[in-house]
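Please model the complete structure; the sequences and the hints are all you need to start from.
Protein chains in written order, with this note's numbering: chain A, 16 to 124; chain B, 620 to 906; chain C, 267 to 406.
Heads up, none of these hints are tricks.
Facing chain C, according to a computed beta carbon distance under 10 Å, are these residues of chain A, among others: (1) M50; (2) F67; (3) V68; (4) P83; (5) S84; (6) F91; (7) F93.
Calculated from the model, a selection of chain B residues having no Cβ within reach of chain A, i.e. all distances over 12 Å: (8) L669; (9) D742; (10) Q756; (11) V791; (12) G816; (13) E819; (14) G896.
Don't read these hints as lab results, they were simulated from the structure.
Predicted, not measured: the structure shown is a model, and the values here were computed from it.
The C-beta atom is built at its ideal place from N, Cα and C for all residues, glycine as well.
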Amino acid sequence: MAENVTPRVRAPREASVGEVVSVRTLISHPMESGMRRDGDGNVIPRSIINRFVCTFNGEVVVDVTMEPSIATNPYFQFEAKVMESGTFNFTWYDDDGSVYEDSSDITVS
Amino acid sequence: MTGQTKRAVAAMALLAFSASSLALWADEDADLVVNGEIEMIVRTEAPAHLDGALRTIYSGWVFRQDDTQAMQMDDFDNPGMLFAEQGQELFNTAMGANGESCASCHANAEDLTRVRATYPKWDEAHGAVQTVEMQVQECQTESMGMAEAWGQNSQEMLNMTAYIASIGRGQVIDVAIDGPAQATWEAGKEIYYTRYGQLELSCANCHEQNYGNYIRADHLSQGQINGFPTYRLKNARLNGTHNRFRGCIRDTRGETFAIGSDEFIALELYVASRGNGLTVEGPSVRN
Amino acid sequence: MSLTRREFVGTSLTSAAAFAAFPSMSFAATADEAIAAYTGGAATSDAGITLIAPEIAENGNTVQIEVSAPGAEEIIMFAAGNPNPNVATFKFGPMSGSQAATTRIRLAGEQDVIAIAKMPDGSFLKAVSNVKVTIGGCGG
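Structure follows, in structure tokens:
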């Protein structure tokens with residue numbers, strides 16, 4: 016199980032109506048691919064974040080299915096169009112059943 | 620040609636230095652400004668003690684490709700900052716029998732901005748040169764009542780040293796090499812110029828005589844440590860100075876010194892002093 | 267129902283334990299097979315999709331890739347030379363501001379990175395970018 020998983024998000028705090036804003040996310044996670052072996056030759060079991068979802072006021076911005084080829088400490092950058100004030104919710108789903116969440120509010124005027 | 624020179628040439632051929640390479644590095648003139656506000660010194664006149672061995676000293680950042688360079692220019696793009704933040708949490712977390720955190724004594728973390736820039740440093744009470752890691756360990760066992768301090772290369776220590784470096788970013792490195800530290804510095808210099816391993820390579824063979832040249836498909840840096848701990852793309856984690864030294868000596872096919880050994884403490888002081896005039900970049904991003 | 271090899275792999279992947287039990291088996295479909303499975307063998311156009319990848323990556327363990335396909339419902343990314351060529355699928359929802367995304371991926375050596383965009387009319391766009399991966403000077 017991954018330890019000390021820390022999500023970080025960066026989205027603007029303010030925007031104008033209809034503005035397309037850039038959102039970035041980073042989360043500390045080893046993304047163990049299941050392809051590696053330890054010093055004794057035993058396979059290190061796969062343990063990755065397999066899905067990431069960003070919503071704004073409950074509607075999907077982007078929904079990403081992730082495979083072991085995503086690098087350690089997964090990073091995403093994408094854009095959202097904001098028509099009203101609200102909240103971005105960010106959710107990462109781990110193979111081990113853990114769910115990591117973060118959020119960011121934005122005032123749209 | 621002396622026997623020693625012949626061996627050196629053979630060793631270089633083995634490591635495939637590109638002898639004819641005129642291209643130096645990816646972006647020789649690029650400047651590093653982090654978050655649009657922290658201005659780094661990535662090239663400057665070499666300190667006097669180098670006595671002409673290098674004319675200009677360069678941060679390892681200038682030897683990296685654009686993509687890697689860019690990752691260090693913004694804290695959000697720099698995964699090393701994730702671990703510096705975890706270090707900041709540890710800084711404010713009580714540990715040990717006395718229920719104290721680092722912040723109990725160092726309430727204003729900004730008071731520690733010069734730490735990374737001035738260590739390793741002579742410690743009068745212990746009569747020895749101390750690294751930042753040793754200082755943290757001393758706080759833990761002598762002030763905070765911890766039975767056992769963090770290991771020098773533990774994740775906690777790497778996170779903490781990344782945090783301590785991060786609050787000193789942009790500070791000009793100025794480690795003292797005279798006075799009581801001089802003997803240790805001399806010992807470190809001796810190690811720097813000593814050939815190790817079956818390949819019989821010294822630190823200087825690569826990082827003083829061949830920086831900017833290719834070693835296989837990679838550009839050799841000057842081996843400056845102002846960016847440590849450094850987030851390396853190859854293992855996607857923070858890497859400490861002594862761990863890096865160990866990797867270098869291992870690659871000479873030699874028996875390495877241990878992390879935290881007197882030899883590596885001396886070498887760290889000496890190598891740090893070769894970067895006097897550069898700025899603290901840790902946690903940096905390297906390949 | 268007959269399971270294709272790829273569907274079978276997908277099913278077993280839902281269990282990390284099952285995955286770990288056969289790590290050395292070369293069960294992953296090739297990129298061509300994976301693409302064919304995704305597009306149903308439909309022809310792809312190379313207009314309207316942009317894939318930005320470094321020509322030379324300094325380290326294959328962390329390579330930043332950017333993909334953009336205006337109007338796409340989904341973009342799927344493959345690394346043709348990886349043991350499992352699937353990398354990620356981006357599904358763009360109603361709140362997306364563009365059909366573009368950047369991520370960092372692993373590349374096990376020089377290979378083609380491939381992006382396929384699925385358009386609302388059922389057509390597919392495809393972009394390919396060859397990335398050379400630097401072999402580091404020192405393992406240090």
